Amino acid sequence: MQGDNQQVQQAVQDLADKVAVVSGASRGIGAAVALRLAASGAKVVVNYRSDVEGAQQVVSDIESLGGQAIAVQGDVGISADAGRLFQAASETYGGVDILVNNAGMSIYKTLADFTDEDFSSLMNANLTGSFNLMREAALHLRDDGRVVNISTSVTRQMFATYGPYAASKAAVDQLTRVLAKEVGARGITVNAVAPGPTDTGLFRAGKSEETIARLEGMAALGRIASPQDVARVVAWLASRDAGWVTGQIIGANGGFA
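Residue 257, in full-length UniProt numbering, is where the sequence shown stops; the numbers in between run on with no holes.
These are calculated hints, taken from the structure and not from any lab test. Remember, it's a predicted structure, so these values are computed and weren't measured experimentally. One or more of the hints may lead you astray.
[Unchecked claim] Have a look at the derived ranges for each label pair, beta carbon to beta carbon:
#1 241 with 120: 36 to 44 Å
#2 114 with 201: 20 to 28 Å
#3 143 with 221: 36 to 44 Å
#4 111 with 215: 33 to 41 Å
#5 119 with 80: 20 to 28 Å
#6 184 with 118: 20 to 28 Å
#7 121 with 13: 22 to 30 Å
#8 241 with 138: 18 to 26 Å
#9 167 with 201: 30 to 38 Å
#10 167 with 222: 24 to 32 Å
A virtual CB, placed ideally from N, CA and C, is assigned to each residue, including glycine.
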């Protein structure tokens, strides 16, 4: 993570005195977002479901930058666990200003091959978890706060085997738009970032180099994203500069879709 740390040290400290909850932050995009927000001055609750070592490493990386963070275990698909993240943030740092809804999973199968268990697991992780945390944000986020949901650019494509996954994220997109209307009077903005292919362990699992090369070629910029590419967009949406942007689904995909 040394190279990542050097990049985030350059971030402007415009989130000083803010508190952020980042779900699924033990690796990949979530870890990059946690580091970026911390580099911008936020105190960060690093959520993880099972990867305690990864979460502790993210906390250590943040502390090495001079930031503050705690790791909190929880399955956000369980409403009580989602509430516990906000409770931990309030007890440790006094409240929550920023929610980044990143936790999720992928299952790539044709509709005919999807089992009931597959569908239930996917929707619980991607949709129910996001709903649970958005509900907590609506109840407990401080005025002028920020909600940033992680969606996907495949909602704009017709990729075989991506149906339920894209559907779960499309539902998150609509919750994003509706919540923006419901909390806007309090100065809270609610947006979603829709990445294209991003170079994480989850993305590379089960993909051949030929497949990855094909996906790189579909982007206007000719490559797949790094997690830091996505994290920079999330950090901007969490900043004061993005205070007039709400209810939007922003493609952070290098021209992929």
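Quick rundown of the hints versus the structure:
1. A hinted range of 36 to 44 Å holds for the C-beta pair residue 241 and residue 120, which are about 40 Å apart.
2. The hinted range of 20 to 28 Å is satisfied by residue 114 and residue 201, whose Cβ atoms lie roughly 23 Å apart.
3. In this structure the hint that residue 143 and residue 221 lie 36 to 44 Å apart at CB holds, the actual value being about 37 Å.
4. Remark: the range hint 33 to 41 Å for residue 111 to residue 215 is contradicted by a beta-carbon distance near 22 Å.
5. Taking the beta carbon of each, residue 119 and residue 80 are about 23 Å apart, inside 20 to 28 Å as hinted.
6. Between residue 184 and residue 118 the Cβ separation comes to about 36 Å, which falls outside the hinted range of 20 to 28 Å.
7. Residue 121 and residue 13 have their C-beta atoms about 40 Å apart, which leaves the hinted 22 to 30 Å range violated.
8. The hint said 18 to 26 Å for the Cβ distance between residue 241 and residue 138, and at roughly 23 Å that hint holds.
9. Restraint check, residue 167 to residue 201: a C-beta distance of roughly 24 Å breaks the suggested window 30 to 38 Å.
10. At roughly 29 Å, the beta-carbon separation of residue 167 and residue 222 lies within the given 24 to 32 Å, and the hint holds.
The structure shown violates the earlier hints numbered 4, 6, 7 and 9.
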